[in-house]
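Undergrad: Could you put together the complete structure from these sequences and hints?
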Amino acid sequence: MKRAYALFLLLYPREHRDQFAEEMTSVFEEARNQRHHRGWAWYARFALAEMMGLISGAAGAWLSQATKPSPETSVANEAQSGLPADLLKAQQRVDLITAAMVRAIGNHQFERARVHSNQEREARENLRVLREKYQINE
Amino acid sequence: MRHVVTKENSLDVKPLTEPVLLILTSLADQPRHGYALIQDIEQLSSGRVRMSTGTLFGALRRLLEDGWIERFEQEDTSRQKQAYRLTGAGRTQLQQELDRMKQLTRAGFARLRASEAI
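Here the protein sequences come in this chain order: A and B.
Take the position in the first sequence, starting the count at 1, then add 1189; the result is the number in the working numbering.
Take the position in the second sequence, starting the count at 1, then add 10; the result is the number in the working numbering.
Hints listed in this document are in silico derivations from the structure and should not be mistaken for laboratory results.
C-beta: ideal position from N, C-alpha, C; glycine also.
Among the clues, some could well be false.
[Claimed, not checked] Quick list of in silico lysine-lysine cross-link-like pairs, DSS-like style, CA-CA up to 30 Å:
id: 1; chain 1: A; residue 1: Lys1191; chain 2: B; residue 2: Lys112
id: 2; chain 1: A; residue 1: Lys1322; chain 2: A; residue 2: Lys1257
id: 3; chain 1: A; residue 1: Lys1257; chain 2: B; residue 2: Lys91
id: 4; chain 1: A; residue 1: Lys1257; chain 2: A; residue 2: Lys1278
id: 5; chain 1: A; residue 1: Lys1322; chain 2: A; residue 2: Lys1278
id: 6; chain 1: B; residue 1: Lys91; chain 2: A; residue 2: Lys1322
[Stated by the list, open to error] Stretch by stretch, here's where chain B covers chain A in the computed footprint (C-beta under 8 Å, at least three residues):
id: 7; region: 1227–1233
id: 8; region: 1236–1245
TA: In C-alpha cells form, the structure reads like this:
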C-alpha cells in the first residue's frame, strides 16, 4: 500500500512533492496504522478515498501551478503598480480588515468591530513600517 | 451551469470551500499537524468528513500560498510532522465566513418560521 501511495505521489508536480511528499506519506501511514483494526471493508474504503484524493489533489496542484503567475508576471505587476509585493499585500490586508470592520458595525456587532479595529491598528503599523523601509509616502 | 454573482470587492468576498473552512476552524484554537487535523475535522463534522491526505495537503498548500496559515516550528516535531497555525489574515477570513454563515442561517430560519406561520 505504501508503494502504491508513493507511486500516486509521482502524479504531483515536483514542487509539491518536494514540499509535502514526506509529510503526506507520514500522515497517510499514521491514519492507516491507527485504524486498520476496523476491518477490511473500512480499509478498502480508506484506500480508495486516499487514491481518489491523490488523483484529484494532483490535478489541483498542476492546475494551480499552471495558473500561478510566473516570477516575471509578479515583477511586471510590481513594476506596474510601482510597489513591492509585500507592501501591496500589507495594503490589501488593511483594506480587508477595514471592510470587515465596516460590515461588523453595519450589523451592530460592536464587539467584533472592536476586534477588527485592533487588527486594523496592527495592520496599519505593519504597513507604516514597510513604507518606511521602502521610503514610500502614503 | 450555475452562475453565482458576488460583490465585486475581491478582498471582501472570497468564498471558502468546505475543506478550507474545516481546516481554518480546526486551527482556530490551537496549532495542529496533519493527522491531528484529519482527526479533529472528523470530530468537528460528527464523523461526516474524513479528509484524505490528497485533499488535506492540497488545501494546506493553497492556504500557505495565501498566507492564511503558516508552518509552526515546534521543538519536538520533525519535517515529517509539521504543525500549522492560523495567521491574522486567516483568522479574519474565518471570522468573515462564520459571520456570513450566521447571517444566512438567521435569514433561513426566519423564512422557515414565516412559512410555518402562514
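Undergrad: All hints, please: hold or fail.
TA: Structure-based check of all given hints:
With a CA separation close to 42 Å, the supplied pair lysine 1191/A and lysine 112/B exceeds the 30 Å bound. Only pairs whose Cα atoms come within 30 Å are accepted, and lysine 1322/A paired with lysine 1257/A is accepted, the gap being roughly 28 Å. Among the hinted pairs, lysine 1257/A with lysine 91/B is consistent with the structure: their alpha-carbon atoms are about 27 Å apart, no more than 30 Å. A C-alpha spacing of about 16 Å is found between lysine 1257/A and lysine 1278/A, which places the hinted pair at or below 30 Å, so the restraint holds.
This hinted pair checks out: lysine 1322/A and lysine 1278/A have alpha carbons roughly 15 Å apart, not beyond 30 Å. With a C-alpha separation of about 36 Å, the suggested pairing of lysine 91/B with lysine 1322/A is violated against the 30 Å cut-off. Coverage of the region 1227–1233 of chain A by chain B is violated. Counting CB-CB distances below 8 Å, 0 residues qualify, and the rule asks for three or more. Three residues within the 8 Å Cβ limit are the bar, and the region 1236–1245 of chain A against chain B gives 7, so the coverage statement holds.
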